[in-house]
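Residue numbers (the numbering used here), protein chains in the order written: chain D, 10 to 165; chain G, 3 to 212.
Derived from the structure by calculation, the hints contain no laboratory data. Where hints are given, some of them may not hold.
Covered stretches of chain D, going by a simulated chain G footprint (3 or more residues, C-beta under 8 Å) [unchecked claim]:
| no. | stretch |
| --- | --- |
| 1 | 82-89 |
| 2 | 142-151 |
Derived Cβ-Cβ restraints for the label pairs, each shown as a range [stated by the list, open to error]:
| no. | chain 1 | residue 1 | chain 2 | residue 2 | range |
| --- | --- | --- | --- | --- | --- |
| 3 | D | Arg77 | G | Thr23 | 18 to 28 Å |
| 4 | G | Glu183 | D | Val74 | 23 to 33 Å |
| 5 | G | Thr23 | D | Leu149 | 21 to 31 Å |
| 6 | G | Ala154 | D | Gly113 | 15 to 25 Å |
| 7 | G | Thr104 | D | Leu149 | 31 to 41 Å |
Derived contacts from chain D toward chain G, CB cut-off under 7 Å, selection only [stated by the list, open to error]:
| no. | residue |
| --- | --- |
| 8 | Gly43 |
| 9 | Pro48 |
| 10 | Thr58 |
| 11 | Val62 |
| 12 | Leu94 |
Just so it is clear, CB atoms sit at the ideal spot from N, CA and C, and this is done for glycine as well.
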Amino acid sequence: MTATVCRLLLAGIWLVAAAGKLQQPKAFLRAVVGFDLVPGALVPWVAATMPGVELAMGLVLLAAVFRRPTGSGTWPALADAAAWLSFILLSVFTVALVVNLLRGVTMDCGCFDVLGEHLGRWIPALKPRNAGWDTVARDLVMLVPAALLLRRRSSR
Amino acid sequence: MARRRPRRPAAARRAVAPSRTWAIALLAGAGAAGGLVYNVLSPRGIFAPVPVATDFGAPAPAVPAARPTRTPTGDGPGDGATASVTKTGTGAQATPPPAAATVRVIDVAEAESLARQRAAVFVDARTPEVFAMGHIPRAVNVPSTDFAGGLARNRPRLNPEALTVVYCTSEECDMAEIVMEELKKAGFTRLLHYKAGWNAWENAGLPAEK
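Isolated chain D (complex conformation) (with noise of 0.2 Å):
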């Protein structure tokens, strides 16, 4: 099934990224300072809300694998929802990230590339790096998996 993929991939996604986060969290804070992008006054906002919302997403798209949500009522609005929020999000970062290349800032965002750190000890491609036109490739792929999601109504 597309969607049971389209979750599994997105849910896995955000899990590790969420991990990362989480497990440093200062660290994530200063790539948020890094990224130059996000006003002063709201950095620790984001800083410390983000993970949780990335670990929100993940689990109730990795809960939507094993209970479909099918029908209306809350369960399916919530899976929805959580498609939803993966789409915009995963668009605003590489909105961000295409800013701050074009812009010539410099950013280190490969610090809680926790799957890439995994990875890249066999696949050197996929070793965490600093941001660039890859990542931005990346990141548009990953927008697959949630536009996919995106498609079909809440009713299935």
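Starting from the known structure of chain D, arrange chain G on it as the hints suggest.
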């Protein structure tokens, strides 16, 4: 598709299912609240105080000369490994002098020793905003984005003849390498690369300076 539950009146069904916007807001809000609680409660959270270095390390010893060490205080030219014997023990072997082109990489234990014993000058290659949030005690900030400015501002503390350790955030960033290249061009010969960077220093619970 067969229904397993009896139909409910349409109005009740709509009332039970939140609208899409509300559902998104609720999910985001719940996640955000969870993230906030975690950061407030966790000792690693962003609101947790940074252990500030009130007195990190001994008073400065005499300038380390080329003499072989009887106590692991300093380092001869190109031999920065002896200082870490006292600590966790990694990297406690002597190393050959670095080739002119390559810079030796040191780990967090060795970096801590050098910092504690004030045997090297630490250069933080990150941006000033992130530097201000916490850096290795007595490090100077020479951002990779403003090498000339950073060098000029910190001239009094930077000596091309002195042992200089450069670091940035983590193994993934390249800011330290950029700064090291510039330092080499500026005549710095005794460079060490603390590759694990600030993240590893912080994770090890070592003190910071703001």
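Evaluated hints:
1. Closer than 8 Å: that is the beta-carbon criterion, and the stretch 82-89 of chain D has 6 residues meeting it against chain G, so the requirement of 3 holds.
2. Proximity of the stretch 142-151 of chain D to chain G, defined as three or more residues with a beta carbon under 8 Å from a beta carbon of that chain, is not established by the 0 residues found.
3. Taken as a hint, the range 18 to 28 Å holds for the pair Arg77(D) and Thr23(G), whose Cβ atoms sit roughly 23 Å apart.
4. The hinted range of 23 to 33 Å is not satisfied by Glu183(G) and Val74(D), whose Cβ atoms lie roughly 48 Å apart.
5. Checking the proposed 21 to 31 Å range against Thr23(G) and Leu149(D) shows it holds: the Cβ atoms sit about 26 Å from each other.
6. Under the hint 15 to 25 Å, the C-beta atoms of Ala154(G) and Gly113(D), about 22 Å apart, fit the expected range.
7. Roughly 37 Å separates the CB atoms of Thr104(G) and Leu149(D), a value that falls within the hinted 31 to 41 Å.
8. Below 7 Å, beta-carbon pairs count as interface contacts, and Gly43(D) has one with chain G at about 6 Å; its hint therefore holds.
9. A least Cβ separation of about 13 Å between Pro48(D) and chain G goes past the 7 Å threshold, and the interface hint is therefore violated.
10. Contact between Thr58(D) and chain G, as hinted, is supported at the beta carbon level, the nearest pair being about 4 Å apart and thus within 7 Å.
11. Because the closest C-beta pair between Val62(D) and chain G is about 4 Å apart, less than 7 Å, the hint holds.
12. A distance limit of 7 Å between C-beta atoms decides the matter here; for Leu94(D) the minimum to chain G is near 5 Å, and the interface restraint holds.
The structure is inconsistent with the numbered hints 2, 4, 9, although it conforms to all the rest.
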